[in-house]
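K.L.:
Sequence:
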Amino acid sequence: MCPRMFLQQPHNYLLMRLCWSTPSYCSSALKLEKVLTGRFMKEGLSIRLSCLLLVFSWYSDQVVAIKVLHSGSTSGERAALEGRFIREVNMMSRVKHENLVKFIGACKDPLMVIVTELLPGMSLRKYLVSIRPRQLESRVALSYALDIARAMDCLHANGIIHRDLKPDNLLLTANQKSVKLADFGLAREESVTEMMTAETGTYRWMAPELYSTVTLRQGEKKHYNNKVDVYSFGIVLWELVTNRMPFEGMSNLQAAYAAAFKQERPSIPEDISPDLAFIIQSCWVEDPNLRPSFGQIIRMLNACLFMLSPPSPSPSVPESNISVAAASNGTMTVLSARLKGKFAFLRQLFSAKRTRNSH
1 MCPRMFLQQP HNYLLMRLCW STPSYCSSAL KLEKVLTGRF MKEGLSIRLS CLLLVFSWYS
61 DQVVAIKVLH SGSTSGERAA LEGRFIREVN MMSRVKHENL VKFIGACKDP LMVIVTELLP
121 GMSLRKYLVS IRPRQLESRV ALSYALDIAR AMDCLHANGI IHRDLKPDNL LLTANQKSVK
181 LADFGLAREE SVTEMMTAET GTYRWMAPEL YSTVTLRQGE KKHYNNKVDV YSFGIVLWEL
241 VTNRMPFEGM SNLQAAYAAA FKQERPSIPE DISPDLAFII QSCWVEDPNL RPSFGQIIRM
301 LNACLFMLSP PSPSPSVPES NISVAAASNG TMTVLSARLK GKFAFLRQLF SAKRTRNSH
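Read in order, the letters of the sequence shown are residues 1 to 359 in the UniProt record's numbering.
Simulated from the structure, these hints should not be mistaken for laboratory data.
Do not rely on the hints blindly, as some may be mistaken.
Claimed, not checked - In silico BS3-like links for lysine-lysine, alpha-carbon gap of 27 Å or less:
#1 126 x 102
#2 126 x 96
#3 108 x 96
#4 177 x 126
#5 262 x 177
#6 108 x 177
Claimed, not checked - With beta-carbon atoms standing in for the labels, derived distance ranges:
#7 270 x 73: 50 to 58 Å
#8 109 x 248: 26 to 34 Å
#9 137 x 295: 20 to 28 Å
#10 277 x 248: 17 to 25 Å
#11 295 x 132: 29 to 37 Å
#12 281 x 93: 33 to 41 Å
#13 290 x 262: 17 to 25 Å
#14 79 x 268: 42 to 50 Å
#15 130 x 157: 32 to 40 Å
#16 79 x 263: 34 to 42 Å
Each residue gets a CB set at the ideal place from its N, CA and C atoms; glycine is no exception.
Please model the complete structure; the sequences and the hints are all you need to start from.
P.N.:
This is the structure:
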């Protein structure tokens, strides 16, 4: 049976009471019996309004997050939003990774509801803003970048393009030691022909191939592939190491125009290591075919992390990402030489690809 929901809307609050037992459209059996209060939050496009609520789940008594999606005011909007909801639920329910927000369950009627684990930490965007003008310590920035790259590698391995990778959709764990990717609202599965809709993502982080000299109407098709996520990752990585807003001083539309039609990119600070600068620049090159895969990005980031000086006694970084600290000096020297060799090989590989494509 589906949940009985009693809704009130005093000012900007939603008051919801759920009596929920094994809904027909639910991948996990949920039982929620609480009176809830949550603030409305606009997320992404104007046609989608979501609110985030805190609920107690019946299993393990953990606190979870509930996203209630706007159902649309017309039959056309309803159909479009239901299609997006079903895609999001299908993808979240079959893809699992430690750096992806854990999916718990969903229900379509009478409201479209998605239940996930609750991360009490803030978004990466809010965290970066909170520490400005300071920057993240290099080891922390690389550790976060690895978390993001591993999550994206998992999605791509399952044929999923996220299409909206940005700091707002990256959530910190409570101890701020790792990052998890959230919000599959714009994600799509890759088809054989790689045909996708033109309207997607957020301007400052969107790949140039998502734009056209002729504006496409919503729903019209154009070709692109999962390398659009690699471009977005390059912008996010730049933010992690600079703690600055990409395309500062520009509006969203100006940033989109600069990236797509003037081939402009955020400037690389001189104090960034050449290897890290190479990773960033290889991710946001104009030709998608020249961008690395997330598997290659992970290997390059690991090499950069390994070659950093030993961490301080109490860094805010997962032990799995700094296991190098336990290695002996001799072992570190050997491994460092090997990683530098692998990094050099990858740079030569990308250089060769660019040379071939330029002829």
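K.L.:
All hints are to be evaluated individually against the structure, with a verdict given for each.
P.N.:
Checked hints:
1. 126 x 102: 21 Å, holds
2. 126 x 96: This hinted pair holds, its Cα atoms lying about 25 Å apart.
3. 108 x 96: Measuring from Cα to Cα gives roughly 22 Å; hence the hint holds.
4. 177 x 126: 15 Å, holds
5. 262 x 177: 37 Å, violated
6. 108 x 177: Cα-Cα ~34 Å, so violated.
7. 270 x 73: 50 to 58 Å: Holds, since residue 270 and residue 73 (Cβ atoms, about 52 Å apart) stay within the stated range.
8. 109 x 248: 26 to 34 Å: With a Cβ separation near 45 Å, residue 109 and residue 248 fall outside 26 to 34 Å, so the hint is violated.
9. 137 x 295: 20 to 28 Å: 26 Å, holds
10. 277 x 248: 17 to 25 Å: 18 Å, holds
11. 295 x 132: 29 to 37 Å: 32 Å, holds
12. 281 x 93: 33 to 41 Å: 36 Å, holds
13. 290 x 262: 17 to 25 Å: Check passed, 19 Å falls within 17 to 25 Å.
14. 79 x 268: 42 to 50 Å: 45 Å, holds
15. 130 x 157: 32 to 40 Å: The hinted range 32 to 40 Å holds for residue 130 and residue 157, with Cβ atoms some 33 Å apart.
16. 79 x 263: 34 to 42 Å: 38 Å, holds
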